[in-house]
Amino acid sequence: MNQQKPSLPKAPGLVSQRKRTITIFIWVGVAALYLLSSIHTNASLLRFDGEFFSNVGRMIGQMWPPQMQYAPAIWPKLAETIQMAVLATALAAIFCIPLCLGAAENIANNKWIYNTMRTFLNVMRTIPELILAVLFVGLFGIGVFSGVLALFIFSLGILAKLMSETVEGIDKTQLEAIEASGGNKLQVIWYAVLPQILPQFASFSLYVFEINIRASVVLGFVGAGGIGLLIQQQINFLNYPAAMAVVMVIFFVVILIDFISNRIREALL
Amino acid sequence: MNQQPYLLPPRRKRNVKALLHKCFWTLLLVSLIGWSMQGIADELNAERVFSMRTIERAQTVIPQLFQLNGDQFFRIVGLIVETLAIAFTGCIMAAILAVPLGFFTAKNMMGNTLIGRITHAFFKLWLNATRTFPEILLALIFVASIGPSPFAGVLAIAIGSTGMLGKLFGETIETVDMSLVETMQANGATRIQVLFYAILPQVVPEFLSYAMYRFEIDVRASTILGVIGAGGIGTLIVISAANRNWGEVGLIVLCIIVVVTVIDYLSAYARKKLV
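For the protein sequence lines, the chains are A and B, in the order given. Start counting the first sequence at 1077; every next residue gets the next number (this note's numbering). Start counting the second sequence at 961; every next residue gets the next number (this note's numbering).
Bound conformation, chain A alone:
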């Protein structure tokens, strides 16, 4: 905890006494909070004893080697996971356009629209995707539809937030030029806003796709479709090598998709 404390000493006189006291208070407060929360979660450093390591070691020993014969059962579910992520991203990309225009200060001149949109998006982003999935599974029943819907809402919030910030950062002169020559709002958006945000739009959509892939992996835990179901099944059957095989497959797929998407995004911007 105290590793960072030595950053405080500076040449005398550079930091006022008051500021130094405040800093020390904050550090002590953080340390106390850490102590309290580690007691509350029963996660003190004392837990890292021989027994803990032997438990984790035994678990890893049981999981290794991953049972790759199980792989054929994985592919259809893996494809389903990716398809869910693709669909959710595509839907989010379409629906985010009106939202992000409404949440951008330079397009939505109406203060009310702007503020409502902002609050709406902020609230939307605070609900984790798995909790949305629990809600939708309750509403629409177990299945892929609930998962896609949860991913869609979750990624819509992120994408619209990112895009509205991009829209706010665009070159204003083009908007004014089209407005001055008599273009209406739609023409301003089509000819001045869209060309400027298109590369970022593609890049952020890919980024959200990456997030969606990771998120869709776990949706299966609550019955919202995808590969998570397999992991949970295999762990419940205590068939750890098979579960490990699924985890390894996910690991490599995520790395692969991240890599491809990063390459495309670098080329885009």
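Any given hint could be a false lead.
Derived DSS-like pairs (lysine-lysine); straight-line CA-CA distance at most 27 Å [stated by the list, open to error]:
| no. | chain 1 | residue 1 | chain 2 | residue 2 |
| --- | --- | --- | --- | --- |
| 1 | A | Lys1095 | B | Lys1232 |
| 2 | A | Lys1237 | A | Lys1187 |
| 3 | A | Lys1153 | A | Lys1187 |
| 4 | A | Lys1261 | A | Lys1187 |
| 5 | B | Lys1232 | A | Lys1187 |
| 6 | B | Lys977 | A | Lys1095 |
| 7 | B | Lys973 | A | Lys1237 |
| 8 | A | Lys1237 | A | Lys1248 |
| 9 | B | Lys1232 | A | Lys1237 |
A few chain B residues that don't get close to chain A, going by computed Cβ distances all over 12 Å [stated by the list, open to error]:
| no. | residue |
| --- | --- |
| 10 | Gln1032 |
| 11 | Ile1078 |
| 12 | Ala1089 |
| 13 | Ile1101 |
| 14 | Val1141 |
| 15 | Ile1217 |
| 16 | Asp1224 |
Calculated directly from the structure, the hints in this document are not laboratory data. Quantities reported herein were computed from a predicted structural model and do not represent experimental measurements. Virtual Cβ for every residue (Gly too), placed ideally from N, Cα, C.
Position chain B relative to chain A; hints supplied.
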């Protein structure tokens, strides 16, 4: 389309290569989406999803969601405190662990020797691997090995966060003003003195800012850890959804929204003050 062409700049020549490029990407995108639609179509069960039953269910569930059920309010508050405690403990552990990891992944700290380069590459790879795992998969492994407890959640958060924090810390250290380091070395300072007086003062504010940002993410992540039994509010939400106690689900979701918003706001304020 335009009656006054003389006002416009001459029309650009059509770029065939760019057009082909565009066609290729559009085709790829369309086929990807088509493949997904076709793959999920039979799973989607449009008749079942949009059946009368769903509509009836929606009519009962949605109003109930807003009739907040406060019977278990104090239990919910307790679990939210536990969620925050998991996120905080995990995040602090990760922040401490990430400092040495950051130094190992910073190119300017590891020097240009063979050992230095190997360490750099090794830790970089390790951090990338850690970042790939969703926290909840890590939590699943820990729950399986040490049993369902908040401790499993703390471990998952801690290990999941080191990946991102280590990478960001490393990048921060790489931007350190090396002339200060050289000055101190020229004055005969030991390595420890260089570390404490030249490097750390430059990087600590950014470290803290990143750690706070990661704490925001961790709070969101720890709310769902309970779904697999790693402590926190997630357990209760799954239980009340299974019991069709929608009023309680609504209250929990509301609590999560409020807590996450407040924490985001506080953290953004503190980060603005820091940097």
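Legend entry - Ascending list of hint numbers which this structure does not respect: 3, 6, 7, 12, 13, 15 and 16
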